[in-house]
Structures are given as structure tokens and as C-alpha cells.
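Read off the chains here:
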Amino acid sequence: MEVPGLGQAFALQVGRDMRLAFRHLGQLANPLMFFIMVTTLFPLALNPSPQLLEAIAPGVVWVAALLASLLASESLFRQDVDDGTMEQLALSPQPLALMLLAKTAAHWLMTGLPLVLISPIVAYGLFLPQEAVPVTMGALALATPILSLIGGMMAALTVGLRRGGGLLSLLILPIAMPVLIFGARATDLAMTGMESVGAIYLLAALLLLAMSLSPFAMAAAMRISLD
Amino acid sequence: MSTEPAEPGTESLLEAKDLELWRGERRLFSQLSFSLGTGELLHITGVNGCGKTSLLRVLCGLTLPETGEVSWRGQRVMRNRADYHAEMTYVGHRESLKGELSARENLSFDLQLRHASSPEDIDQALDRVGLARARDVMARGLSAGQKRRVSLARALASRARLWVLDEPYTNLDVPGRDFVDQVMSEHLATNGLVLLVAHQSHGVTGGRIRQLELA
Amino acid sequence: MPEFLEFGKHTTYVVSSFALVMVVLAGNVVFARRRLNALVNRTRRRLSAEEKS
Amino acid sequence: MWKFIHKFGSPPHFYRLSVVLTPWFGWAAAILITAGTLGGLYLAPPDYQQGEGFRIIYVHVPSASMSMFVYVNMALAAAVGLIWRIKLAHAVAAAAAPIGASFTFLALATGSIWAKPMWGTWWVWDARLTSELVLLFLYFGYMALRAAIDDENRADRASALLAIIGLINIPIIKYSVEWWNTLHQPATISKMGKPAMDGDMLTWLLLNIAGFMCFFIAVLLISARAEVIRRARDQKWLKQALGVT
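Protein chains in written order, with our numbering: chain A, 243 to 469; chain B, 704 to 918; chain C, 5 to 57; chain D, 39 to 283.
Keep in mind the hints are simulated off the structure, nothing from the lab.
Even glycine gets a Cβ: it sits at the ideal position worked out from N, Cα and C.
Some hints could be false.
Selected chain D positions facing chain C (Cβ under 7 Å, derived; list incomplete) [unchecked claim]:
#1 Thr-148
#2 Glu-216
#3 Lys-277
With these hints in hand, go ahead and build the complete structure from the sequences.
Below, the structure is given as C-alpha cells:
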């Protein structure tokens, strides 16, 4: 009785989660709506003069992206743990670390990627210089998976708890801070025409670290939560 | 509280050695040891809250015991989960179904994780538990009894050697209960193993039935 | 201001930081001590009650 | 070696040991801190540049170094507890957290009190102070997670995993803050430059650091005893230790 290979199990899990996500799209729009709304708050709160907005654009885009991914992390495992499917996953012959990585990947496709795709519009709204947009998108494409993985680890730790929300952000933010620093810096450098490849490399390094270590932390955390 | 050792001759696959578990300040059980061989059913009984479900979860490797070890084929479960989980299936209190997916979609995901299974296998598994008509109904649209049948279909089609069943009879009508007894008897006959938690007595025939009473 | 607490124009800063440190360190000791004693007494009562029954 | 760890790791042995050791470390801490403080305040010469204000260093640096030292030890104890499932290690980690958080708070408070006379503002986004602030969040996250889980066993294991994740991320956070700081901070505001320390200035600092270390161990032994009692399963030694016969 041959147990299917890792790639197949990974694809199976991503497929199921994508199908589930498309069944109720509303729930997925939240992080995207949140990201756009937060960035529209700043011109309303401050005077919308292009010079001011341009100055704060990198910070606003990146803080909004961080908070949006934080909001999305809440729903990463809660549904599966509540209806008991996570238990079956923990008891399946496939390694739990891989399955949770697959779930996080599917979750990123539905919440992280849209952020990256919509970031030019948001940047435009904040008068971010056009030459900085490609670098920002590239940096976001590297950063949002890291934020999803960090969010996954912390969501797995707090999934069984009643009041996970506030706790989740307290756990995620200190760990996600370097991503914010490097990301905002990449946009900042690109804006001023300087070379921003350094920050991009650092983000890529963080992504490799996150992809290699966090699945095992997620699996360990999930096993503790299912105890 | 340990029961007599497995019948000599049947090689014991599942071994539990002096398990101890606490729930908060209360100790559920301690020095609990037993071994289970092929063709054997261990019927675990006890009053509500005595830790029957917790014991099952420990045996599945979901819950970490305070002390003691569970081993399958002589190897500790915590050390080689993949081999153990490939040969066992767990039917718990909750149905572990995705409400937005149909019975067929739920089952095909669960089974394909374990072994290549064609759509015909899935349909056949559902027919066998009497859900032929409800294959494409959304899981949230199924009745409690039907959901329980989907869980049973998952266990049946998983080709697992060890069945860990927690109250399999709940929500089932009389034919459903007879069906559960029948499949358990068949499973024991084909040298399977069953860990059963059930309040009412089971109607399993054949195989060696052993009793474990939790205080 | 007693003479020994005189540190030029930075007196308030120096004195306040040292005072704060001593207060917080003392607070740690008191908190730990009180928590331990409360727990020990509670456990003693529970155990002696068990002992009798 | 294992026999020693196992013996030491057994709660009864630890309980008796901590009852004996606590006063020693307690008094050592008191003496060292008093000596270091008096020396720092009165015997050490004022700094030629920062004048008397620099004396705050005698509490700021020990607090800052202890805040990091305690977190690393907490994470290591947690890892030992998680991997080898030694309850005492979890007890030590749980006991260390509040002490570490206090040291971090003190480092931040004394740092900002020191910044006022030096740069005229209570808070300066200096690399080390910012890292210290993030460390405080890590401590709060650890303690909040532990408080949020009712079951003792699960709380130990979950917070242990969090402490390990935190430990792996501390170098990354430190590097990213340094990197961020050197880019944004104009070179003129020198970082919390520790003035050059010559002989007699340094001795008082080392005394205080040793004093803070002994203080940490003393309070840790007290708190860990409470944690060990909370986790005690075997009532026999507990009755003996608490004199209930």
C-alpha cells in the first residue's frame, strides 16, 4: 500500500484549500479590503499634499501590508481545528510540517499575492514615485510569504485559545519587524533612486530561513495545540 | 489495572507501557499497560470523564502522556509517526468533515493522502455505508447519522490495520449499528485490530474480545 | 538635598534611575517571596486535608 | 553526566538545593550591588564629557546585559524542557520570565533617563534601546502566551516553542535594527556611546554585573520553587518537603 509522495500530498492540500477558498470568497477579501482602507486613512488623516504623502508612502504601504497579513493569519488554522479536519491531518501518514506548509502556501496565494498585485494602485494613491513601484512589488512578493509563515507559526500556537486575536499580534509583530525594516527600506532606497538590491537580498535570505524552519515549528506548535 | 497479556501466538502489534495521564490536578490513569495483537478487539469502558477518549488520543499519538510509551510493531509511535499513521485510522467524536465540501470531495482528499484511490473507490466506499444518494451533498447538509457514516466510510476505505473508534455508534440508527458490528467482525477476521470506546455493549463476533475498565 | 545625593546638574537623573532600579529589584523579591509563601501555605493546607481524610 | 542531570533534574533534589542556596546568592547579590553602586556613585571619577550623568551606566549596562542573558537562559531551559521533557526546566523558564522582563524594563527606563541630560529627549531611536524595546515585547509575548493557556503542561510546551523561535530571531532583530539605525541616524548623534572605561571605573561596573547575576539566581531559585510545587505530581516528596507528615 504505497503512501503517495510529498509533492502529491502538497498539491492535494493546496488544491483542497483553494477549492474551499473559492467557495466563500467574501472571507478572503477582508485582508485585501483592509490593506486598501488603511492606506486611504492616511491622506484623510493628514493633509493630502503630494509631498507629504510621498514622504510617508513607503512606511504606510509596508505597515498596511504587515497589518493585513496579521489580520489574515488569524483565520489560517482556526477553521480546520474547529471542525476536526486538523486532527485527521495530524494522523495522516504525510508529514504534518509539509501539510501545514501547503496550507500556508494556499493561504498566501489567496491573501498575500493579492496584496502584491494591488500594491501599485495603493502606491499610486499615495503618490509613490513610479520608479519605486517595481521594487516595492518585488519586495512585497518576498515579504508577504515570510509574514504568512511567521503568522502560521504563531497561529498554530494560539489556535486553541479563546482570545487569540490580541495575543496573536503581540507574538507576530516582534518577529515580523525585520521584514518591515528591510521592506520599507527597499522602497525608500528605490524612491530616492539609490540601489535597493541589498534590502531585497536580505528579504530573500529571510524568506529562505522562514521556509526552511517555520514548517517544523508550525507542526510542533500544532501538535501542542491539538494535545 | 493492566489486563492479561495478548494471546501467545498472535504477535502483538500495539504495545502500551505504563501510561500515565493527568487532566489538570486529577490523574486519569497510571501504570496502564496492555498489548494488542492481530484479530483482537480491546473494548474500553468507564464512567463519563474517566479518560477513555484521552486514552485513545494518547494511543493515536495525538496526546503526549505524562509518562509511558506507545509503540507499534516494536517502535515508539512518537519516533516514527509516518509508519504508524499509515496503518491506523481514528474515528473521533467530531466528524472531521469540511462543511463546504461534498461527502465525495471530503473522502477523496482524506483517502488520497493515504493511498492512490480512484473516484470509483470513493463512490464504492460511500455506497458501502449507504450514502450512495448523498455523494454530492454538501457535508453541512448531511444529517448527524450521515456524517457519522462518512467517517466510517473513511475508516473502511483507509485499508488501515488498526481501527481506533471513539463511540462509533453515536447518531446511528439500528441498521447503522448492526453495520458497524458487522464491519468490525470482518476487520477482526482479516487479522485487523480494533480499539473501541463504547458505552453500550457491541455485537462483534469472532476475534478475541478483551476488556479494559477505566476507574 | 542631603550632601551625599549631590551630583551636579544631573542629580535628579542619577538619583531617580538608581532609585527606580532598587525599587524594581526589591519588587521582584517581594513578588517572588509572597507568591512562594502563598503557594506553600495553600499546598500545605491541601495536603494536610488529604492526610486526614 | 546524565545521571547527574537526572538527579539534579528531580524536583525534590532541586527543592532542597534551592532552599540551601537562596540565602547565599541573596547575600552575595546584596553585597556586590551595594559595593558596585557606592563605588560607581562616589569612587569612580565623573566622565570628562558627560559629567555626573554618566553614572547611570552602572545600572543601565548591568540591566541591559542581564535582560539578554536571562532571555537566552530562559530559551535554553525551555528547549531542554521541550526536548528531554524535564519538568524542572519548564519551571526554571517560567520563573525566569518576569525577572528578565524587569531587567529589560529597567534597561529601557535607565536608558531613557540617561538620554534626557545627554540629548534632551526621553526617548531616542538608538539601535540598542530599540532592540531592548523589542526584547520587552518578546518577554510580554512569552508571558501572555503562558497566561492564555490553562493546562500547565500545554502552557509549558507552547511557551517553550515560542521562546526558541524568539531566540533564533534575536540576532536577526538586532542586525536589522543596527542596519536600520546606521542608515537613518545621522552620524552626529553618536550611539549610546559607552565612554571609554578605564581601570577604576570598570571594576564597579563588573561588581554590579556580578551582583545582578547573583540577584537573578536568587530570585530564580525562589520562583522556581513555586513553579516546581505547582507542577509536582508525586505527593510523597511534596508532603516531606513542606513538612506535612
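Structure-based check of all given hints:
1. Thr-148: holds, 4 Å
2. Glu-216: violated, 25 Å
3. Lys-277: holds, 5 Å
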